[in-house]
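A.B. asks: Chains as they are written, first to last, in this note's numbering: chain A, 12 to 280; chain P, 503 to 769.
It is worth saying that the hints were derived from the structure and are not from the lab. All C-beta atoms, glycine included, are put in the ideal place defined by N, C-alpha and C. Relax, there's no trap hidden among the hints.
Below, a sample of chain P positions facing chain A; criterion: calculated Cβ distance under 8 Å:
1) 739
2) 754
3) 758
4) 764
What follows is a list of derived Cβ distance ranges for each label pair:
5) A/128 to P/605: 52 to 62 Å
6) P/617 to A/77: 48 to 58 Å
7) A/243 to P/582: 30 to 40 Å
8) P/726 to A/90: 37 to 47 Å
Listed below, chain by chain, are the residues.
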Amino acid sequence: MGKLEGRVAVITGGASGIGRACAERFAAEGADIVVADLNADRGAETVAAVEAAGQRASFVRTDTSKEADNEALAAAAVEVYGKIDVLVAAAGISHSGYVSGEVGDVDRRADPTASFLLNKPPEAWEKVMAVNLTGVMLTDRAVARRMIAAGNGGSIVNIASGAAKIPIPGAADYCVSKTGVWMLTKTLALELTGHQIRVNAIGPGMIETPMTVQAHSDEERRRQIENNTPLGRFGQPQDIANAALFLASDESSFTTGQMLHPDGGIFTG
Amino acid sequence: MGALETKIAVVTGGASGIGRACAERFAAEGADVVVADLDEARGAETVAAIEGLGQRAIFVRTDTSTEVDNEALADAAIEEFGRIDVLLAAAGVSSGTYVSGEVQERAADPEANFIVNKPIEMWEKVLAVNLTGVMLTDRSIGKRMVAAGQGGAIVNIASAAAVVPLPGAADYCVSKAGVWMLTKALARELAGEKIRVNAIGPGFVETPMTQQIRDDEELVQGPLAMTPMGRFGEPPEIAATALYLASEESSFMTGQILYPGGGLFTG
Numbered sequence: 012m013g014k015l016e017g018r019v020a021v022i023t024g025g026a027s028g029i030g031r032a033c034a035e036r037f038a039a040e041g042a043d044i045v046v047a048d049l050n051a052d053r054g055a056e057t058v059a060a061v062e063a064a065g066q067r068a069s070f071v072r073t074d075t076s077k078e079a080d081n082e083a084l085a086a087a088a089v090e091v092y093g094k095i096d097v098l099v100a101a102a103g104i105s106h107s108g109y110v111s112g113e114v115g116d117v118d119r120r121a122d123p124t125a126s127f128l129l130n131k132p133p134e135a136w137e138k139v140m141a142v143n144l145t146g147v148m149l150t151d152r153a154v155a156r157r158m159i160a161a162g163n164g165g166s167i168v169n170i171a172s173g174a175a176k177i178p179i180p181g182a183a184d185y186c187v188s189k190t191g192v193w194m195l196t197k198t199l200a201l202e203l204t205g206h207q208i209r210v211n212a213i214g215p216g217m218i219e220t221p222m223t224v225q226a227h228s229d230e231e232r233r234r235q236i237e238n239n240t241p242l243g244r245f246g247q248p249q250d251i252a253n254a255a256l257f258l259a260s261d262e263s264s265f266t267t268g269q270m271l272h273p274d275g276g277i278f279t280g
Numbered sequence: 503m504g505a506l507e508t509k510i511a512v513v514t515g516g517a518s519g520i521g522r523a524c525a526e527r528f529a530a531e532g533a534d535v536v537v538a539d540l541d542e543a544r545g546a547e548t549v550a551a552i553e554g555l556g557q558r559a560i561f562v563r564t565d566t567s568t569e570v571d572n573e574a575l576a577d578a579a580i581e582e583f584g585r586i587d588v589l590l591a592a593a594g595v596s597s598g599t600y601v602s603g604e605v606q607e608r609a610a611d612p613e614a615n616f617i618v619n620k621p622i623e624m625w626e627k628v629l630a631v632n633l634t635g636v637m638l639t640d641r642s643i644g645k646r647m648v649a650a651g652q653g654g655a656i657v658n659i660a661s662a663a664a665v666v667p668l669p670g671a672a673d674y675c676v677s678k679a680g681v682w683m684l685t686k687a688l689a690r691e692l693a694g695e696k697i698r699v700n701a702i703g704p705g706f707v708e709t710p711m712t713q714q715i716r717d718d719e720e721l722v723q724g725p726l727a728m729t730p731m732g733r734f735g736e737p738p739e740i741a742a743t744a745l746y747l748a749s750e751e752s753s754f755m756t757g758q759i760l761y762p763g764g765g766l767f768t769g
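Bound conformation, chain P alone (with noise of 0.2 Å):
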């Protein structure tokens, strides 16, 4: 009997990392999933691993960063399965050049992206994606859930960076604090709703977002002296606390970040 038998999840960012980490586990645990992304062939890859379970799941292309696709996710959603449980918004970029589920190229100049250097353009881009965007669709999914009264979870990644400021990375920083706090202000909001709102403050993560990081001898040290466990954490490590945050195991919590960070930030 999986953690998630017979629930709906909706996963942002789903086509690689740890969204797919995330719809991955939750089918293996029962659930039906709908898979957000911008990227249709690794959004229909992690569909099919998702079948492969024995679970159902369609791919809905969205763009988090406007309210009308987010919007038509949801009525996506409802209109196949009939209701949404879970929603776990783990859409984001890493920098206003990042692109879904590829690898970056390193910056000739770190400091290029220093904030007295950094193009506003990049600021924004970032902020619609990893903030905006995660307010749009707990919106859109958290109104859905009010209307059919059955309560539900929702789980927003957020990172490690909510809380540790990165030189370089003051746009990802920042909207990661925004979420934490947008995750905060939204439980007390849906509480009385019996909507949970819970956040995961991920550390260094084997993503397609950090892998320039890794390939990197030099740079990568940076992160392994960072994190206390010394090593990068895999995505089913940050699918499994997302798993016990959208199940009934966590059932009296709400408001809350998780930190599987190996120790990275201990509060």
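One chain only, chain A, in its complex shape (with noise of 0.2 Å):
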């Protein structure tokens, strides 16, 4: 019995990293699935995932920045499977230039100064804010509303950072963007508490995902992260959908408005 049979779970930025990890683990937990993302070939191989564990999948478009898109998403679930259960919104980037799934454009070692603040472009800023924090806000707000309106609670999962709490030089968009979506993630669950609507997020470390693959690929930025990670290694993944599956499930059901840090134990509050 999986811990989260006969549940509906939308995963955005489902088409590769943590959110696809987060969509094959819960469809192995029982979960039907949509997945949202901007890219569709991506899309469609954690569909075919998610199907060959046995469970129903559909990809839905999304752009998640955009207020219609996220509408679209909600009421295509309701449409597809009924009812929404449980929220994971890991869509986001990295800086401006970041394309779902891509190794990103923009390389820091070349010249590490070129993303700070005094350095880096509004638009790029306004970009990352619109992906990273007021697209994760435009989420939870579609799929609680139809939550709300079927009267059977839910779980939020928001994919935030150990960067919310951590700066990092010239990622200074990146990091706010994800303070942002700790503290909405706070609010919103103070906000939902009276209708059994839990609202929680994930602060992962550094993890092999595409948007690390510049990290991760290189022998001596990789042995430095290593040596600073307290457990000595990347995450992968499934340490991040793990602990989104507790979220997620029942097993947590007395926790609203928190954050965890599957980060190897680089930040201890």
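Take each chain as given, in its own frame, and dock them per the hints.
C.D. replies: Encoded structure:
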């Protein structure tokens, strides 16, 4: 008996990285999955993986920074599956040039100060905020409305980052957006307790995903990051999916407004 | 297939409340359990519950505030089961007069427990059990885990009171804040040994420790008002959190505290 038997989960950013790992783990625990992403090809791969696990899945192409797309996503989920029990909001970008599931186009090693605040174009900052912060708010809102209307409670899991609490020079936009997700999570949790909807976040450390490929494929940077991580390794997407499962399932039924840090011990509050 | 199949867990405070719920859940997930507590009669009930689930269990009478008892506990666990994979340190007192598993009487004057009025012996008792006691248990078990070289998971039961001050319970709050910092420091020290150390900061939970509050219509309003979810937690909800931290599901987490508190504290 899986921990999400009979549940329906919407997962944004579900085409790759943490989002895909969540989709696959949730399916293995008995959930049907709505995969939302910009990348239709990789999204189809996730759908195939979920179906191979014996569950139903649909892909909905979604630009999570747009309210209309989030509303369409939530409407599609309810239309196909009748309800939404779980949301994992994993769609996010590391910088304005990031493209879903692709290697980033910015190499900070060339000139680390190019992405410092003094030099960063405001448009770059705005793009990161639009996707990582306002996007998560819009997805949370669109899905939570359906959860409230259905009256059966629910669980929302926002993928923030350890960067919500640890500043990274050159990634101010990313860090600020993730801090915003953390406060959004806390506020929304308080607003939704009366509807039995729990809202929690995850603040991963360095995880081996397409987003961090520059770091984990470079031997020197990889060793440096491993040395800075008490548990001495990069995290795997599965590590985050396990945390997401805990928060999405009834195992965490008394937990709301919290952030878990599966990060190898980097941040300890 | 349980999440703790073939694992050996030591659970202090295992005779009642959160400790017992953890012992039972761990057993349901396939672990054998060493139950440590001051209360033998209730400890025997926990052992019986675990055996009823088809797992092995022993009771070791332990005053966790004494080093010799913690060493004897760790030795007994190794002697019986050969190793220790998981420690759940749940032994704790709410005040200097708390007795394991027993319901306390309401204080006649709430301000009698304010710092300016509290007898120093009460403060020292709470710190001895809740803080130094957890350190001593962690250390005794941590030493055996290091010697065995197979890693492990240590879960300390702190409290939301580690970060939320409660007037009249300064000793309790300070002891739990100490457990949280102990957890973080120990996590750093043991990361190289693949021993993960995490904590849980429960909110108000339906245990013998809170029964006096729950039985009092007036007193119970305080905790309910502090808890956005508007209810007390149940011990199995804390045990589910402990299971997550004790199992491989949290293999990339160390030095963390989780707050199953109905939203009481949000950081």
